[in-house]
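There are 2 protein chains.
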Amino acid sequence: MRILVQKFGGTSVATLDHMRKAQLKVVAGLQKMDKVLAVLSARSGETNRLLELAREWSPDPDPAELDLLVSTGEQISVALFTMLLKDAGIRARSFTGRQIGIRTDRVFGKARIRDIDGEIIAKALLDHDVLVVAGFQGVTDDGRITTLGRGGSDTSAVALAAVVQAELCEIFTDVEGVFTTDPNLCPQARKLERISYDEMLEMASMGAKVLEIRSVEFAKKFSVPVLVRSTFSEAPGTFVTQEDSRMEHVLVSGIAYDKDQARISLRSVPDRPGVAAAIFTPLAQANLSVDMIVQNSSHDGVTDMNFTISRKELPRAVRIMKAIQKDLGATDILYDDNVAKVSAIGVGMRNHSGVAATAFSALRQENINILMISTSEIKISCIIEDKYTELAVRTLHEAFHLAQPDVVSA
Amino acid sequence: MRILVQKFGGTSVATLDHMRKAQLKVVAGLQKMDKVLAVLSARSGETNRLLELAREWSPDPDPAELDLLVSTGEQISVALFTMLLKDAGIRARSFTGRQIGIRTDRVFGKARIRDIDGEIIAKALLDHDVLVVAGFQGVTDDGRITTLGRGGSDTSAVALAAVVQAELCEIFTDVEGVFTTDPNLCPQARKLERISYDEMLEMASMGAKVLEIRSVEFAKKFSVPVLVRSTFSEAPGTFVTQEDSRMEHVLVSGIAYDKDQARISLRSVPDRPGVAAAIFTPLAQANLSVDMIVQNSSHDGVTDMNFTISRKELPRAVRIMKAIQKDLGATDILYDDNVAKVSAIGVGMRNHSGVAATAFSALRQENINILMISTSEIKISCIIEDKYTELAVRTLHEAFHLAQPDVVSA
Chain A
1 MRILVQKFGG TSVATLDHMR KAQLKVVAGL QKMDKVLAVL SARSGETNRL
51 LELAREWSPD PDPAELDLLV STGEQISVAL FTMLLKDAGI RARSFTGRQI
101 GIRTDRVFGK ARIRDIDGEI IAKALLDHDV LVVAGFQGVT DDGRITTLGR
151 GGSDTSAVAL AAVVQAELCE IFTDVEGVFT TDPNLCPQAR KLERISYDEM
201 LEMASMGAKV LEIRSVEFAK KFSVPVLVRS TFSEAPGTFV TQEDSRMEHV
251 LVSGIAYDKD QARISLRSVP DRPGVAAAIF TPLAQANLSV DMIVQNSSHD
301 GVTDMNFTIS RKELPRAVRI MKAIQKDLGA TDILYDDNVA KVSAIGVGMR
351 NHSGVAATAF SALRQENINI LMISTSEIKI SCIIEDKYTE LAVRTLHEAF
401 HLAQPDVVSA
Chain B
1001 MRILVQKFGG TSVATLDHMR KAQLKVVAGL QKMDKVLAVL SARSGETNRL
1051 LELAREWSPD PDPAELDLLV STGEQISVAL FTMLLKDAGI RARSFTGRQI
1101 GIRTDRVFGK ARIRDIDGEI IAKALLDHDV LVVAGFQGVT DDGRITTLGR
1151 GGSDTSAVAL AAVVQAELCE IFTDVEGVFT TDPNLCPQAR KLERISYDEM
1201 LEMASMGAKV LEIRSVEFAK KFSVPVLVRS TFSEAPGTFV TQEDSRMEHV
1251 LVSGIAYDKD QARISLRSVP DRPGVAAAIF TPLAQANLSV DMIVQNSSHD
1301 GVTDMNFTIS RKELPRAVRI MKAIQKDLGA TDILYDDNVA KVSAIGVGMR
1351 NHSGVAATAF SALRQENINI LMISTSEIKI SCIIEDKYTE LAVRTLHEAF
1401 HLAQPDVVSA
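Line by line, the protein sequences give chains A and B.
Residue 194 in my numbering sits at position 194 of the first sequence, and the numbers go up by one each step.
If you count the second sequence from 1, you need to add 1000 to reach my numbering.
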């Protein structure tokens, strides 16, 4: 039995008109495959409406009750969508997260999926051609409703696809796929035909918000082929899939950026064992997540420690650093939030040298000063002044010839 | 363990402000009893909003999907109310109908409760002082969400009270109790201290919409003491309870009326065995529910059959009667929808004669013509022209001295 999973996001189910377009995608899916699992988000704005209601009721709403409240959003989506399908004569049935057997841990608000009851699905598919499933939600072992956190419907869809060994998991959204960079910043941005899980993870974590990052991890772990495409067009979309030989011939697949960056520098810290732990342990204890960390090489027994953090967390992070400054022996604490991160991402970097040099010289030619650098196997990230963000993205996009189609021959 | 069930209707949970008043009732309840089960309706207007949404989506929404949709209304209520209680330091937890184990049949939209899992409640009461339960909803054996139909939250509350053997089931609403008649029609209407289940059943079925009729049947069947009272005042309310000796001394407890009446007369039907069945079987098959039936005594082998029906069902009923007129041999079919029903209700009638005579002569003195009469052990109903409804209600209210307090001494 060939099963297709289709996930429809908030805008795709926002109105009757939009839902009718989603319905066409389901009908098209049934022509290609035997069965469809349609995973739905809450209608656009619904989750926010419910969160605002909760905030009106309580300054700090009980997380379990908040999940019960918020989970009504997808429940409404699946009920309405199933009505449409049934009116069209399709053998469809709705399922809440609980009804389809998505079991999670007890971390209300950001629960993680533990397992999904494949038997429930198998049994339901005997009598139905389309199972309409509420995304974003699950149930604890003792029957309480949980939610997976923002964007969790992607994770629901990919996890269901893994369990039923779906041929494909289509993520329908309001964009046509994954682009080489943000088309709003760079008109030359081009839609990618395919991208590897690892590249997608870097793109997603950098704020190219097409796919929720946990869903990509899931897809990679269980080798679920994902196709990101638009509900509102016939465009073919972008495959997110295993790395293949075609990808390796491309140096860089995309340019990502993140303006939610603030920088802290601890100057002239005595460079002794344990100094990094002394800095980052209190930040972790305060639940602050540090993004990039750069330590300069040591001169005269002292070093500079630089790191970046989300802008809204800067004041708290500075307070914590000031509290430990004396113990650390740092001469100065400098910080600013006028920085941004631009990154070039591509699995091809593994096998090619010179990518970093190309990036740095392209930025230098535009007189963009690089404040911090960090690299991984498939990514080069630079912290720059945030006023240069758009220019830097366009410059890197051009430097790596991303406006041209993928190289497909060896 | 002394358990109090408190049911809060739609207006009682409509806003944060109203919910705070309901919260005070729960706190007061905890002072009187060990544990409270708070059963909540959807917030005023919410169910209608959801029904309108469904109608926008489908001309004839799938009943199972409609129930899933509509059940979100109470889910929102219980989540919000529990947040309030927890913020006040009360050990509270929310439950959907499914979570508390309210099992129903599969008649979506008007499901009937089959059983409630007392063990779930007993276990939950170990760790919590208040269980906040979504009224109006349950679950089928195979896990689908059902609703009990309009007013079903009353039934949920009474059923829960029966299962936990509650000391009392308080029904909080926006009126102060059960009145001798509609205060809008008759300013002399007086709040009753107590009323028997049977009287309440007659009152409820007549459109005195304080308590949903099924909940009264349930309360009677399981002898659940019910107290109808207002969320918005400290007034003592009305006990709905077993018939007791005090009630028998009161001839009539209340006057009810119902304007949703239309009348059909079949003239000169040959009076042979089976004629009533021939008339009412096709109506029942068309799912039309007939209210009052009066057959005149037979003259010359023919009789007149008169019955009443809901106004909106009149055209269908007339169509069915015309289809069988020839077979019946009726000379004429007359019908009109300008009629109303007024009724005097009281368990005291069982032991007293002359109640009917008092009612008829009171109406005659006001020149109100009685078109049809029907009596039961505890009720006398008259069909009159609907323009006389208000006058008839006031006249009967006065004729039975209902503005005076209950006779409490023998």
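Be aware that a few hints might be false.
Claimed, not checked - Taking beta-carbon pairs under 10 Å as the criterion, some of the chain B residues facing chain A (in silico):
(1) 1057
(2) 1083
(3) 1092
(4) 1112
(5) 1141
(6) 1143
(7) 1293
(8) 1314
(9) 1315
(10) 1318
(11) 1389
(12) 1391
The hints are simulated quantities; they were obtained by calculation from the structure and are not laboratory data.
The beta-carbon is built from N, C-alpha and C at its ideal position, and this holds for glycine as well.
Right, here's what the structure says about each hint:
For residue 1057 of chain B, the shortest C-beta to C-beta distance to chain A is roughly 5 Å, which falls under 10 Å, so the interface hint holds. A cut of 10 Å between beta carbons decides the hint on residue 1083 of chain B: the least distance to chain A is about 4 Å, and the hint holds. Satisfaction of the interface hint for residue 1092 of chain B is found here, the shortest Cβ-Cβ separation to chain A being roughly 9 Å, below the 10 Å cut-off. Given hint, residue 1112 of chain B at the interface with chain A, is violated; its Cβ is 21 Å from that chain's nearest Cβ, farther than 10 Å.
Taking 10 Å as the C-beta cut-off, the interface hint given for residue 1141 of chain B is violated, the closest approach to chain A being about 13 Å. Annotation: residue 1143 of chain B was flagged as interfacial toward chain A, and the flag holds, the nearest CB pair being 6 Å apart, inside 10 Å. For residue 1293 of chain B, the interface hint is violated, the least distance from its beta-carbon to any beta-carbon of chain A being 39 Å, above 10 Å. At about 30 Å, the closest approach between the beta carbon of residue 1314 of chain B and any beta carbon in chain A exceeds 10 Å, and the interface hint on this residue is violated.
Look at residue 1315 of chain B: its Cβ only gets to about 27 Å from chain A, farther than 10 Å, so that hint breaks. Annotation: residue 1318 of chain B was flagged as interfacial toward chain A, and the flag is violated, the nearest CB pair being 31 Å apart, outside 10 Å. The closest approach between the C-beta of residue 1389 of chain B and any C-beta of chain A is roughly 40 Å, which is over the 10 Å cut-off, so the hint fails. With a least beta-carbon distance of about 47 Å to chain A, the hint placing residue 1391 of chain B at the interface is violated under the 10 Å criterion.
Hints 4, 5, 7, 8, 9, 10, 11, 12 from the list above are not met by this structure, while the remaining hints are.
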